[in-house]
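Asks: These protein sequences, in sequence, are chains E and P.
Going by the working numbering, the first sequence opens with residue 1, and the numbers climb by one from there.
Going by the working numbering, the second sequence opens with residue 1, and the numbers climb by one from there.
Among the hints, erroneous ones may be present.
Computed beta-carbon distance windows for the label pairs [stated by the list, open to error]:
(1) P/Gln58 x E/Gly315: 44 to 50 Å
(2) E/Ser328 x P/Asp264: 32 to 38 Å
(3) P/Thr335 x E/Val19: 51 to 57 Å
(4) P/Gly309 x E/Leu332: 47 to 53 Å
(5) E/Pro278 x P/Asn88: 41 to 47 Å
(6) P/Glu33 x E/Pro278: 23 to 29 Å
(7) P/Arg31 x E/Asp321: 57 to 63 Å
(8) P/Pro263 x E/Met331: 40 to 46 Å
(9) P/Asp354 x E/Ser328: 56 to 62 Å
(10) E/Ser8 x P/Glu33: 41 to 47 Å
(11) E/Pro278 x P/Arg31: 16 to 22 Å
(12) E/Ser328 x P/Glu33: 54 to 60 Å
By construction, these hints were calculated from the structure, which means they are not laboratory data.
In this text the structure is predicted, and so the values were computed from the model without any measurement.
Backbone N, C-alpha and C fix where the C-beta goes; we use that ideal spot for every residue, glycine too.
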Amino acid sequence: MRKSLYISGGAHALLILWVMLGNVFRASPPEVQMTEVSVISEEEFAALSSTESAPEAETEDPAPPAPEATQEVAEPAPPEPEPDPAPEPPAPEPEPAPEPVSPPDPVEPEAPPVPESPTDTPPVNAPDETARHVPRPAPRVAPEPVAPPEPDTTVAEETQQAATPEAESSDVAEEEQEATAPEEAATEIVTEAEEPASAPSAPSASVRPRTRPQQLASAEPEAEPAPEAEPAPAPEQSAPAETAPQPEPQSDESSDAVADAIAEALAGGGGSPDRDVPEGPPLTRGERDGLRVAVQRCWVVDVGSQAANVTVTVGMNMEADGTVVSSSIEMLGSEGGNASAAETAFQAARRAILRCQEGGYDLPADKYGQWQRIEMTFNPEEMRLR
Amino acid sequence: MTRRILASLLAALSIAMFPVAAAAQDDGPLRIEITEGVVEPLPFAVPEFVAEGAEAQQYAQQVSRLVAEDLTGTGLFREIPREAHISNITSFQSPVQFADWKAINAQALITGAVSYDGSRVVVKFRAWDVFAGTELGQGMQFAAAPDGWRRLAHKVADQVYSRLTGESGYFDSRVVFVSESGPKDERRKRLAIMDYDGANLQYLTDSSSIVLAPRFSPGGDRVLYTSYETGRPQIHVLDVGAVQSRVMQAGQGSMSFSPRFSPDGSKVVYSLTQGSNTDIYEMDIASGATRQLTMAPSIETAPSFSPDGSQIVFESDRSGQQQLYIMPASGGEATRISFGQGRYGTPVWSPRGDLIAFTKQNAGRFHIGVMRTDGSEERLLTASFLDEGPTWAPNGRVLMFARETQGAQGASSLYSVDISGRNLKRVRTPDGASDPSWGPLQ
Chain E
1 MRKSLYISGG
11 AHALLILWVM
21 LGNVFRASPP
31 EVQMTEVSVI
41 SEEEFAALSS
51 TESAPEAETE
61 DPAPPAPEAT
71 QEVAEPAPPE
81 PEPDPAPEPP
91 APEPEPAPEP
101 VSPPDPVEPE
111 APPVPESPTD
121 TPPVNAPDET
131 ARHVPRPAPR
141 VAPEPVAPPE
151 PDTTVAEETQ
161 QAATPEAESS
171 DVAEEEQEAT
181 APEEAATEIV
191 TEAEEPASAP
201 SAPSASVRPR
211 TRPQQLASAE
221 PEAEPAPEAE
231 PAPAPEQSAP
241 AETAPQPEPQ
251 SDESSDAVAD
261 AIAEALAGGG
271 GSPDRDVPEG
281 PPLTRGERDG
291 LRVAVQRCWV
301 VDVGSQAANV
311 TVTVGMNMEA
321 DGTVVSSSIE
331 MLGSEGGNAS
341 AAETAFQAAR
351 RAILRCQEGG
361 YDLPADKYGQ
371 WQRIEMTFNP
381 EEMRLR
Chain P
1 MTRRILASLL
11 AALSIAMFPV
21 AAAAQDDGPL
31 RIEITEGVVE
41 PLPFAVPEFV
51 AEGAEAQQYA
61 QQVSRLVAED
71 LTGTGLFREI
81 PREAHISNIT
91 SFQSPVQFAD
101 WKAINAQALI
111 TGAVSYDGSR
121 VVVKFRAWDV
131 FAGTELGQGM
141 QFAAAPDGWR
151 RLAHKVADQV
161 YSRLTGESGY
171 FDSRVVFVSE
181 SGPKDERRKR
191 LAIMDYDGAN
201 LQYLTDSSSI
211 VLAPRFSPGG
221 DRVLYTSYET
231 GRPQIHVLDV
241 GAVQSRVMQA
251 GQGSMSFSPR
261 FSPDGSKVVY
271 SLTQGSNTDI
281 YEMDIASGAT
291 RQLTMAPSIE
301 TAPSFSPDGS
311 QIVFESDRSG
321 QQQLYIMPAS
331 GGEATRISFG
341 QGRYGTPVWS
351 PRGDLIAFTK
361 QNAGRFHIGV
371 MRTDGSEERL
381 LTASFLDEGP
391 TWAPNGRVLM
401 FARETQGAQG
411 ASSLYSVDIS
421 GRNLKRVRTP
431 DGASDPSWGP
441 LQ
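Could you build the full structure based on these sequences and the hints that come with them?
Replies: Dropping the structure here:
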């Protein structure tokens with residue numbers, strides 16, 4: 001009896017293992033999302049939960065218009081920091097001119113008859129405020145949204161990590177790194193035409209003003225709505241932010257554990273220690289994702305260029321300390337676009353690889369044999385349509 | 001006992017299965033796919049160009065500054081302020097200390113030198129990929145008379161832009177437009193031409209008659225425009241160099257307007273109104289022979305050639321509402337390409353050939369947008385009380401258009417926007433401005 005029980009148990013265990021391993025190998029796509037979330041949760045969770053209330057407010061616009069009107073008034077402070085980073089990309093030039101372009105928005109009430117009605121002045125304000133609702137297009141578009149920095153913080157010359165570029169400039173780098181915040185980033189390009197997406201609702205906003213003046217009058221001194229509004233979005237965002245990372249670490253752990261277990265099993269069974277390079281077990285998913293995330297943070301894509309139609313594959317040799325042998329970086333192939341676009345795409349990829357390595361990529365030294373040679377494919381397809 | 005058996009079974013299984021897994025990962029180099037990047041201006045540094053001689057000092061300053069402004073103005077690049085520079089470039093030939101530029105995160109570096117011999121200014125430059133530690137392309141030099149220093153700077157900026165993006169630039173180009181002054185009900189209009197950035201403005205006509213819709217020839221030497229000199233709209237051709245114009249005899253006793261050159265400059269397509277019907281015609285410039293391309297009882301106007309000259313996009317209200325259509329350049333059956341809500345007009349084919357820019361009016365607002373040539377992937381780039389008349393930069397990357405503000409005091413001015421919808425900014429003009437037409441690279 002027991003024998004058959006053992007056999008049955010063993011067979012079931014085999015079946016379960018088979019299913020698990022099968023899934024593990026197929027489930028490579030989800031990796032992408034996992035690491036992204038883990039990155040957010042570590043450093044930017046706090047910033048996200050405090051500042052992303054703005055986008056939330058938008059979506060709520062249609063429903064509770066009145067309270068939000070007051071909320072906006074109470075919040076003009078947060079939107080203000082935005083103008084700071086905005087002029088940055090154009091440098092300290094007199095470029096801010098492009099920003100004033102938005103003034104035509106107030107003109108938007110091309111439905112003048114409505115304003116003429118009793119609420120003449122409020123409607124003029126209404127478009128202004130709806131415009132503020134809409135998250136202003138940050139100059140930087142990145143996979144992970146970064147809220148605008150607080151007024152006090154200085155935004156780094158470039159993304160935070162670049163603060164420690166080379167050992168030589170450690171003095172400068174340290175100063176910058178301590179005092180800077182990540183540059184504001186959005187996940188999508190928002191054109192001027194998309195900004196007033198809520199514009200059609202402008203007429204409905206113009207109705208609001210009737211109640212607004214009263215609320216403004218009462219709200220300004222009390223400033224109650226502000227606290228109300230903030231808590232609301234905060235939990236919403238913190239919740240998903242918390243829940244999101246949770247499931248992923250789990251899956252990460254499980255998959256990593258399986259991969260590690262297998263790797264260890266093999267190592268125990270005797271690998272191929274013939275070479276002097278430590279071959280080690282294959283890189284875990286987490287380790288590979290760490291490398292991928294590190295590079296993609298420095299990969300600048302010009303979405304409007306012909307190079308954005310090109311997928312390039314770049315090969316490189318690595319030193320044991322995680323640095324790239326820069327002379328070994330080569331284009332192995334490209335797809336889409338002409339030769340000039342491919343060359344530009346390759347240059348952008350090479351810059352990303354070299355710029356983000358800092359003191360060397362964080363790769364396990366005991367598995368050097370596994371990553372001594374790396375081939376990276378840079379595929380901008382998903383970026384192109386943003 | 002049971003546990004041991006199970007453990008050994010599991011161990012055997014994992015070892016037995018490993019070769020499959022290992023083969024999947026162990027085969028060849030480590031492969032990583034990157035699908036997410038960032039969209040942000042690329043940081044570059046332009047230290048002041050080295051002045052070779054005291055007389056060249058002023059030009060060195062001006063040229064290097066304008067190169068930086070050109071690049072920054074695209075929205076694709078961000079200049080690292082000179083105060084942050086660690087290295088000084090004191091000689092055009094001296095080696096570049098890449099570490100110093102890496103430290104301030106300059107990804108591209110432009111170095112140059114300027115000399116002046118009393119009659120000519122010579123500018124030479126080099127562009128560097130800082131992180132790769134290599135030169136981008138080869139050094140080049142340009143020379144011009146002293147009053148042409150802006151063009152020298154634009155030329156350098158075009159070269160740098162080209163090396164960094166892989167596409168041609170648009171800085172050394174001009175724009176012809178209608179300059180407007182006076183109140184809305186008594187507006188004076190005259191043709192004007194300027195550099196792409198608003199510098200070197202010149203007027204081509206006086207304000208004695210109303211002028212509309214100037215269009216550059218592919219070579220940039222002629223301009224077509226519509227004038228009310230005779231009381232009714234007629235197409236004129238103006239020689240930019242000689243500043244002389246003549247009437248183009250488009251048809252007897254009719255109104256002709258909305259002209260545009262073919263890509264080879266040999267033909268002109270335009271609209272002709274006879275009675276209450278407007279159709280599109282083509283005229284051979286050399287022979288003066290005309291041919292009717294559309295024959296519909298509706299209004300067909302605003303024709304624009306594809307860059308290869310094989311097709312024409314135009315607007316028509318044949319469906320009951322103003323929409324965009326494409327037909328063969330020789331005429332024939334037209335295919336509607338715009339199907340969104342609202343009215344579409346003033347289509348212009350991109351020099352790259354991949355997009356068509358248009359003006360869209362919907363829900364009381366005007367937009368400048370782009371769509372694929374089959375009408376797909378429509379994207380609206382701007383929104384305002386009145387945006388109209390897009391024109392493409394010579395490299396098909398930027399659109400310029402006219403924006404008018406509301407009210408009796410409303411004025412029209414020129415704006416430009418990147419085709420990604422970013423970097424919307426006003427173009428500097430002394431007075432009001434409308435109807436821009438961007439010329440070719442000089």
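Asks: All the hints need checking, so say for each whether the structure fits it.
Replies: Tested hints:
1. A C-beta distance of roughly 48 Å is found between P/Gln58 and E/Gly315, which places it inside the suggested range of 44 to 50 Å.
2. With their beta carbons about 47 Å apart, E/Ser328 and P/Asp264 fall outside the hinted range of 32 to 38 Å.
3. In this structure the hint that P/Thr335 and E/Val19 lie 51 to 57 Å apart at CB holds, the actual value being about 53 Å.
4. The supplied range of 47 to 53 Å is broken by P/Gly309 and E/Leu332, whose beta-carbon atoms lie about 38 Å from each other.
5. Range check, E/Pro278 to P/Asn88: Cβ separation about 45 Å, and the 41 to 47 Å hint holds.
6. At about 25 Å, the beta-carbon gap between P/Glu33 and E/Pro278 stays in the expected band of 23 to 29 Å.
7. Take P/Arg31 and E/Asp321: their Cβ atoms lie about 22 Å apart, and the range 57 to 63 Å is violated.
8. Distance hint check for P/Pro263 and E/Met331: the Cβ-Cβ separation is about 33 Å, which falls outside the suggested range of 40 to 46 Å.
9. Take P/Asp354 and E/Ser328: their Cβ atoms lie about 35 Å apart, and the range 56 to 62 Å is violated.
10. Range check, E/Ser8 to P/Glu33: about 42 Å between beta-carbon atoms, so the 41 to 47 Å window is met.
11. For E/Pro278 and P/Arg31, the hinted distance range of 16 to 22 Å is satisfied, since their beta carbons lie about 20 Å from each other.
12. Here the CB-CB span from E/Ser328 to P/Glu33 is close to 20 Å, at odds with the stated 54 to 60 Å.
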